[in-house]
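Going by the UniProt record's numbering, 125 is the number at position 125 of the sequence shown; the sequence numbering is gapless.
Derived by calculation from the structure, the hints in this document are not laboratory data. Quick caveat: nothing in here was measured; it's all calculated off a predicted structure. Please note that a few of the clues may not be correct.
Cβ pair distances, simulated, as ranges [claimed, not checked]:
1) PRO127 <-> GLU6: 37 to 43 Å
2) TYR13 <-> ARG65: 23 to 29 Å
3) GLU45 <-> PRO20: 34 to 40 Å
4) VAL114 <-> ALA36: 27 to 33 Å
5) GLN55 <-> ASN2: 18 to 24 Å
6) MET1 <-> ARG66: 36 to 42 Å
7) ASN2 <-> MET83: 21 to 27 Å
8) ALA122 <-> ASP44: 16 to 22 Å
9) LEU18 <-> HIS86: 37 to 43 Å
All residues carry an ideal CB built from backbone N, CA and C; glycine is no exception.
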Amino acid sequence: MNRVEEAIAHWPYVAPLLRPPSTDGEYLEVVKTLDAVLDAGGADESHPLAALAQQIGETVAEWERRDPMPESADGAAMLRHLMDVHGLRQSDLPEIGAQSVVSAILAGRRSLNVRQVKALAARFGIPAANFL
1 MNRVEEAIAH
11 WPYVAPLLRP
21 PSTDGEYLEV
31 VKTLDAVLDA
41 GGADESHPLA
51 ALAQQIGETV
61 AEWERRDPMP
71 ESADGAAMLR
81 HLMDVHGLRQ
91 SDLPEIGAQS
101 VVSAILAGRR
111 SLNVRQVKAL
121 AARFGIPAAN
131 FL
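Let's have the full structure, built from the sequences with the hints guiding it.
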């Protein structure tokens, strides 16, 4: 089997991974797919999945350009946005603290501290300044 025949045989499985999202729900699925590809080795530029991760990443970036997070967002708004994007619940963020702490931050009763900001920046791979 040559490369084109192999691609044709695998295309029904690959094509859905490259399809641009048309709803917020589809966008969340694309983000989950990207996370899975990166976890499977796609974060390493020499890994065979790196090209797939790049393509999916471009799809995510295009969606985010069309539906950006407001630049004036505070730390709680950024956290809420990232939780929505990644389909996370308050209890999924142990690096911040207990669910009650996350709830207080999202409600504006508490602010993110330096340790929490650093942990969130590392988890989501974004600059800490995005939470300030």
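Right, here's what the structure says about each hint:
no. : hint                         : verdict
1   : PRO127 <-> GLU6: 37 to 43 Å  : 40 Å, holds
2   : TYR13 <-> ARG65: 23 to 29 Å  : 28 Å, holds
3   : GLU45 <-> PRO20: 34 to 40 Å  : 24 Å, violated
4   : VAL114 <-> ALA36: 27 to 33 Å : 31 Å, holds
5   : GLN55 <-> ASN2: 18 to 24 Å   : 22 Å, holds
6   : MET1 <-> ARG66: 36 to 42 Å   : 39 Å, holds
7   : ASN2 <-> MET83: 21 to 27 Å   : 46 Å, violated
8   : ALA122 <-> ASP44: 16 to 22 Å : 18 Å, holds
9   : LEU18 <-> HIS86: 37 to 43 Å  : 20 Å, violated
Of the numbered hints given earlier, the model fails hints 3, 7 and 9; all others are met.
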